[in-house]
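Peer 1: Taking the hints as your guide, dock the two standalone chains into a single complex.
Residues per chain are reported as follows:
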Amino acid sequence: MSKIQQINRRDFVKFFGLASTGIILGCNVSSNKKEFLPQVDGMFTPNLFVQIQRDGNITLIASRSEMGQGIKTSLASAIADELEADWQYITVKQATGNAKYGNQNTDGSRSVRTILEPMRKMGAASKMMLITAAAKKWNVAESVCKAENHYIINSNSGDKIFFGDLVDEAAEVAIPADENIKLKKVEDFKYIGKDLKSVDLKDFTDGTATYGIDFRIPNLKFAAIARCPVTYGTVKSFDSTDAEKVAGVEKVIKLNKMDPPIGQFFGALGGVAVIANNTWSAFQGKLELDIEWNYGENHSFNSDEYKKRLTQRVHQKAKLVPGKKGDVFTAFEEADKIVEATYHVPFLTHAPMEVPNATAWFQENKIEVWAPLQDPQTARAELAHFFEISLENITINVTMLGGGFGRKSKSDFVVEAVALSKEMGTPVQVVWTREDDIKHGFYHSTSAQYLKGSLDKNGNVSGWLQRLAMPSIASIFKPLSDYATGSELNQGFTNNPYNLTNFRLENAKAEAHVRIGWMRSVINIHSGFGNNSFVDELANAANVDPVQFHLGLIGKDRVIQGKSEHPYNSKRMKDVLIKTSQMANWGRTLPENHGLGVAIQYSFYSYVATIVEVAVIDDKVKVKNTWTTIDCGLVLNKDNVKNQLEGSVFFGMSLAMYGKISTTEGAVEQNNFFDYQMTRMKDAPNIHIHIMDKMNEKPTGVGEAGVPVIAPAICNAIFNATGKRVRSLPLVDAGMV
Amino acid sequence: MTKLSINNKFYEIDVQDDMPLLWAIRDIVGLTGTKFGCGVAQCGACSILIDGRLTKSCSMPVAYGVGKEILTIEGTTQNLEYLREAWFDGNVPQCGYCQSGQLIAATSLLDKIENPTDKDIDDAMSSNICRCGTYSRIRKAIHKAVALKNQN
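As they're listed, the protein sequences go chains U and C. Taking my numbering, I'd label the letters of the first sequence as residues 178 to 914. Taking my numbering, I'd label the letters of the second sequence as residues 18 to 169.
Misleading hints may appear alongside valid ones.
In silico DSSO-like cross-links for lysine-lysine, where the CA-CA straight-line distance does not exceed 30 Å [said to hold, decoys possible]:
1. U:Lys859 x C:Lys161
2. U:Lys379 x C:Lys136
3. C:Lys166 x U:Lys859
4. C:Lys161 x U:Lys367
5. C:Lys157 x U:Lys871
6. C:Lys166 x U:Lys797
7. U:Lys434 x C:Lys166
8. U:Lys371 x C:Lys129
9. U:Lys374 x U:Lys359
10. U:Lys801 x C:Lys85
11. C:Lys26 x U:Lys815
12. U:Lys801 x C:Lys161
13. U:Lys797 x C:Lys157
14. C:Lys136 x U:Lys374
15. U:Lys799 x C:Lys161
16. U:Lys374 x C:Lys20
17. C:Lys161 x U:Lys371
18. U:Lys756 x U:Lys371
19. C:Lys129 x U:Lys379
20. C:Lys157 x U:Lys815
21. C:Lys129 x U:Lys801
22. C:Lys157 x U:Lys859
Residues of chain U placed beyond 12 Å of chain C at every Cβ, according to the derived structure [to be verified]:
23. Glu319
24. Ala351
25. Phe381
26. Ala453
27. Ser458
28. Arg490
29. Ala495
30. Val498
31. Thr572
32. Glu612
33. Lys819
34. Phe827
35. Ser831
36. Ile868
I should point out that these hints are in silico values taken from the structure, not numbers from a laboratory. Glycine is no exception: its CB is placed at the ideal position from the N, C-alpha and C atoms.
Isolated chain C (complex conformation) (with noise of 0.2 Å):
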């Protein structure tokens, strides 16, 4: 059996070592949140936090997140919170399907940088894409999610 801690609770699978995270996480452990976009580290749609550090979960295998806390799109974090919040007050999804992977890539960026400029929103988001075209208010949501964190 494979253990796992999502969101800090813990989970005990039967599946085989190399299966990506993607898939133990939606289809063994039952969270949806996270999605498939590419299978190939390219669009983002399945990111993740392992001990905070951004991971692209369909190209890490399941035995990478054993031992290690796991975030995802059903947990929370205050910069996630923060960033929830921004991306209500921007009304910034379309279709929706990305932004799972969009608010954790920005949570991890907000974990990393305090005040992120619109470089560091670039060079941190561009691993994410939104076939809709959120793009403008994702770079607002995460200016906005700073703003209401400092007024706290």
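If we strip away everything but chain U, and leave its shape as in the complex, we get (with noise of 0.2 Å):
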């Protein structure tokens, strides 16, 4: 983090666009080694920043994007608290996609993680430096000051003065050295850690909220894009005579594919375009259109035979992973007991209910966007490459998001709407539908895995080996990664939580024949669901408590460093188990049918366990209830983590229960909300959720960290009330849901 600095005015008003008065206060942010450093010539250009007005009005900028995570409400909250500010004042402004903001990238549950500091440090300065204008013209002592809801009291004399009353003076005082910096102590805090209600609740109860799809412009003309069934297909011959015939149809443009150049962005995977003056006129001619396509080589692809090749890799001897431990074929040899199990995930799909859209404007030699974008610049970026347009004269404007998921990373849909605009000469919006966002999604990845254990007499593990095989998300970028990434393994896989002695992880070949991407907690799917499973696979083989079971394996105490500013504190696992267990009474006599079923992870540096209630009836599965407990180090908005942790049970449950891509002649077969299913108020479950109070620790990941434990909770569940073990998603496969 770079210094914080005022800002000059006459850069701000340049840079920002926005009115000069005031405190303008900002700094730089990194947060991760893919940043794009801010470059402009002689200039501060903070990435963060807060401007205190005349009139007492605080805006501060949201670098990052609002899709449901709260992370506008998060900032306001941590700037308020510092600076003692009326919440009422404060508004937060949606940042445009632009590396004068630093990485934006909103994805891995990191956007609080790396700006509280920052963003209290600014809040701190603001108010100190409104402190001493005061005693100025009181003056007073400094330390006679304080500030107390928007004003500077006098403490001696009880005088009080509006923020915005101080601001012409507050800004000729030289902002405090950063080490002078004073941060509030937990316990003064008045926001943070509070339960603070979205900035947003006004416009999401009355329609005014404004998302991609909600976007208007005069002129502007709507698209349809029919693709090829099959991945990365493309269009050999087209009619379009009835799809011409259309009312309000006015064009069909043949869009060609656009491959990415080798290591970044997205491209977009071209066909037919039907333009139309309204939405649904376009969504009607792309089903006139009368397409031939040239399949290409992934019109094979069958994911049930895909299952079975990834298997049987799986069944022999894969790439070994550095991080291996002792020797498990000694511990298998020695072995009182060998459990072995096979695990399967299936593709899944984010379908955010909102599908891709994209709103573009092609002038010249200028691209304006309007989007709900996760990650802004990639798409300035990849606009830039494809249609030779420098940075400067791309401008994307980030609208509300109506979820993301991860799909909305990627930003084919925003290369699609530049293209067709660019032919139009008019603002063009690509709409997806819905059965488009189903076929031709960024999947989150299949897995098989296979896992083999040995106990010892004591029933302890002695030997854990596991093989991976899923088509990487490297994939997308470079061909021929036909092999899970070390950051990929990163993700549960190597760093499980597990005091294991003796540990081997192989890594199984896995060719990407569909687009693969990251959805919400990514990886972690993967290695929640496989480690949970066997777990309690052992326990049961042990003959013990699943829950003392995981206590065990989780050991003794220990730190472990590792290269993060976050190291794994293995106490931190087991409290959260602990607390949960309590929660959910375990151990206690269920009613008939019933079954409790655990599991933990450590994602996102935080410390997740969840324990689910199941009722079983007919071999039909019920959630009744929910017990979650994170430890995600200091809370900003409590309710806000609350209401993560319960979308994150139902997004598990949606994935354990329904959740399956699955292709014959490489086309995906799911079309829409019919055959892709989510949860819905009939499956609620009673949802308890508990955060640790860890406000002295830093902050970790909270959207995503809830999310993984969920499925195999169910299905250790669903094991303990019927000894029916479930090892492959989703439920509904298995005839139970």
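Peer 2: Below, the structure is given as structure tokens:
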């Protein structure tokens, strides 16, 4: 993080296009090494900033996208707390996609983790400047002055001055040196760690929230695109006669496939686009197209056969992954008991409620885009590449996102919109149908896992061999990326939370035949399912209570530093498990046909344990209760963390019960929500969430950490209720829904 | 010209009769609070009330709405206002996209059943998908709206 600095007013106007009154502070935050560094000559270019104006209004620019995870509210609370501001005066503006804001990629549950401290510091520095200005005005010592609810108060006289009335003087005060910026103590927090309501509630409940799909501009045309059913197939020929007869249709355009350069960007699938004066006509026109495709090499892809192939591969020796411990083979030879199991997770898709869409306007040498994007800078760089327009002539406006879950990190739909706008000479909004979304996604990878474990005569795990085959996310960036990468394996495979003496991980080949992408919780969904299911099987083989068995396997208290500033602390892992088992009253006598199952996961540097109670009647499962405990360090907005974890239960239940994308002849078989189903109100269990009070620890990820435990906890609960072990998701395929 | 009455206001629009109400309302009338989610009456994001009846606007042609009174999320009724207050109180939404449809479906429920049970809520609200998973909060907020109504 750079030092907090005051911003030159002229630069501010030029840079942000906002009035330059009052105090304007900013700083640069680096959150990862892929950072796009601000590069403007001689100008301090902050990626986070706060402005306090003469009318007392405080504006802060949120450099991350809002997609339901509550980031706007969380960041506002951090500033408000340190500044002693009145919440009513705070406005959060969404930043455009621009390298001047530093890394804006909203994924990996990292926004709060990386920008909380600078946000707090800017609030604290502003407060100190206001106090200095007030002290000067009153001619008293600064120690006499304190900030309270948007006023500086003179403790001696009781006089008070409104923040807004001080900003001109305060702006002349030198910004405090970084080491002199004093942050509040946890016990003095007014907003941080409390239950805060979303800043967007009004807009959410009266229809005024504007998502990408709601964006309107004069002369806007709407486009629907027919894409090849087989991934990376192309148009051989087409007949648009009938499509052009549809009322409202204005043009039919062939859209060439755009292949990204190796190593970056997403490109676009290409196809045939129907442009109309409204969305419906574009959709109708698309249905009337008669297209012949070159299906290409993925035409033979059948996901059932593929599952068998991956299964065979994990049943044979595969590539050893660095980080092996001891010697599993000797442990197996000396074992008292051996347990083996193979687990499967199918392809999944994000299916955010707002389908992929983008509005673009290509004018001579400039491009403007309005779209729901998680990673606007990659979209911008990608457009610069494909359309040969310089970065500064490309503006990406980030709208509200109607859900993202990783899908809206990929900018293929933006590339489509720009290409069509260029052809049309008008603004164009590309809208995917739900079928397009289901059939042409960036799928969460499928996996096969084989686990072999040994128990010694005391029932302790003496050896753990794990083989994984899953097509890698790297395959969309680089051909022949046929193995899970190190960073993928580091999501619960190489860094599992257990204390294993003999451990061996092997990585098997898995070619990609569809586009693979990251989805909420990413590879932790695979590791969470495999690890937790297998630990439950080992516990059963050892005849030990699963919670006790998990605790034993996590082992003694230890801290593993690693390269991160968030070391793994086994005690925190055990504490969330113990707390959850108390909440669930683990070990109690259950009603007939009920079962309890437990799962833990260390992901996004957070510690999560979940227990699920199911009822299984006539072989159909009903999730009755879930108990989740999270230790995510310092909590910014407690109610938001709770909301995210409640949502995680449903996200996890959807994938456990229904989630499956399958293919025949290279084409995705599912269509819409009737065959790619979601959990609904009728499926809703009673959800119990506990957030550990760790306000003195660093904040860690929340948005994704609660998902990976749900599917294994449900399957373990089914085993507890029935003795039936489900090793292949989803439950609907096992006839249990 | 097709005449529609939406939220007690008349609109004259020029559309083909088979255009679904959803797209007529969004693209022609210009009220974008009603959302597209699936296009096949599976998710409820496009829910509106037509003469008080809950309707998936993606699957009803514009002709069906003629001569009737349409309520969208931009409009208001007493029950909708209680629900809005309860939605605030419970900090219900995450991304917010499905909430227009959820609120309209909940309005329809309260119009029919004064004090719905959890089972009534399951039955009435299971046509509406929330991918963020705010179901527990929606359930609580519906009960809360009833409580708010009874206070007044």
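Peer 1: Next step is simple, just say for each hint if it's right about the structure.
Peer 2: Okay, the hints, checked on the actual structure:
Between U:Lys859 and C:Lys161 the alpha-carbon distance is near 19 Å, which keeps this suggested pair within the 30 Å criterion. Under the criterion of a C-alpha separation no larger than 30 Å, the hint pairing U:Lys379 with C:Lys136 is consistent with the structure, at around 29 Å. With a C-alpha separation of about 25 Å, the suggested pairing of C:Lys166 with U:Lys859 holds against the 30 Å cut-off. As the CA atoms of C:Lys161 and U:Lys367 are separated by approximately 27 Å, the hinted pair is consistent with the 30 Å bound.
About 28 Å separates the Cα atoms of C:Lys157 and U:Lys871, which keeps this hinted pair within 30 Å; it holds. Between the alpha carbons of C:Lys166 and U:Lys797 the distance comes to roughly 38 Å, so the proposed pair goes past 30 Å and is violated. As the CA atoms of U:Lys434 and C:Lys166 are separated by approximately 56 Å, the hinted pair breaks the 30 Å bound. Annotation: proposed proximity of U:Lys371 to C:Lys129 is violated, straight-line Cα distance about 37 Å (limit 30 Å).
The suggested pairing of U:Lys374 with U:Lys359 holds, with an alpha-carbon distance near 27 Å, which does not exceed 30 Å. Proximity of U:Lys801 to C:Lys85 is assessed by CA-CA distance (about 42 Å); at most 30 Å being required, the pair is judged violated. Between the alpha carbons of C:Lys26 and U:Lys815 the distance comes to roughly 42 Å, so the proposed pair goes past 30 Å and is violated. Restraint check: the Cα-Cα separation between U:Lys801 and C:Lys161 comes to about 22 Å, which is no more than 30 Å; the hinted pair holds.
Under the criterion of a C-alpha separation no larger than 30 Å, the hint pairing U:Lys797 with C:Lys157 is consistent with the structure, at around 27 Å. In summary, the hint linking C:Lys136 to U:Lys374 is supported, as the alpha carbons are separated by about 28 Å, within the 30 Å threshold. Note on U:Lys799 and C:Lys161: the hinted pairing holds, with a Cα-Cα distance of about 26 Å set against a maximum of 30 Å. Distance check on the hinted pair: U:Lys374 and C:Lys20 sit about 40 Å apart at the alpha-carbon level, beyond 30 Å; violated.
Straight-line distance between C-alpha atoms of C:Lys161 and U:Lys371 comes to about 22 Å, which keeps the hinted pair within the 30 Å bound. Restraint check for U:Lys756 and U:Lys371: the C-alpha separation of about 21 Å stays at or below 30 Å, so the hint holds. Under the criterion of a C-alpha separation no larger than 30 Å, the hint pairing C:Lys129 with U:Lys379 is consistent with the structure, at around 26 Å. Taking the CA atoms of C:Lys157 and U:Lys815, the gap is about 18 Å. The hint holds against a cut of 30 Å.
Taking the CA atoms of C:Lys129 and U:Lys801, the gap is near 28 Å; set against the 30 Å cutoff, the hint holds. A C-alpha spacing of about 14 Å is found between C:Lys157 and U:Lys859, which places the hinted pair at or below 30 Å, so the restraint holds. No Cβ of chain C approaches the Cβ of U:Glu319 within 12 Å, the least distance being about 38 Å, so the stated non-interface status holds. At roughly 40 Å, the least C-beta separation between U:Ala351 and chain C is larger than 12 Å, which holds for a residue marked as non-interface.
Distance to chain C contradicts U:Phe381 as a non-interface residue, since its nearest Cβ pair spans about 4 Å, not more than 12 Å. Interface exclusion of U:Ala453 from chain C breaks down, the closest Cβ pair being 10 Å apart, not more than 12 Å. With a cut of 12 Å on Cβ distances, U:Ser458 falls inside the contact zone with chain C, its closest approach being about 8 Å. Against chain C, the non-interface label of U:Arg490 holds: every CB pair exceeds 12 Å, the least being about 33 Å.
Every CB of chain C is more than 12 Å from the CB of U:Ala495 (nearest about 35 Å), matching its label as outside the interface. U:Val498, annotated as away from the interface, keeps every beta carbon of chain C farther than 12 Å; the closest lies near 34 Å. Here U:Thr572 stays apart from chain C, with its beta-carbon at least about 22 Å from theirs, past the 12 Å limit. Not every CB of chain C lies more than 12 Å from the CB of U:Glu612, the least distance being 8 Å, so the non-interface label is violated.
The beta carbon of U:Lys819 sits about 9 Å from the closest Cβ of chain C, which is not more than 12 Å, so the claim that it is off the interface is violated. Not every C-beta of chain C lies more than 12 Å from that of U:Phe827, the closest at about 3 Å, which undercuts listing it as non-interface. With 12 Å as the threshold on Cβ separation, the claim that U:Ser831 sits away from chain C is violated: the shortest Cβ distance comes to roughly 8 Å. Here U:Ile868 stays apart from chain C, with its beta-carbon at least about 15 Å from theirs, past the 12 Å limit.
Taken one by one, the earlier hints fail for this structure at numbers 6, 7, 8, 10, 11, 16, 25, 26, 27, 32, 33, 34, 35, listed in ascending order.
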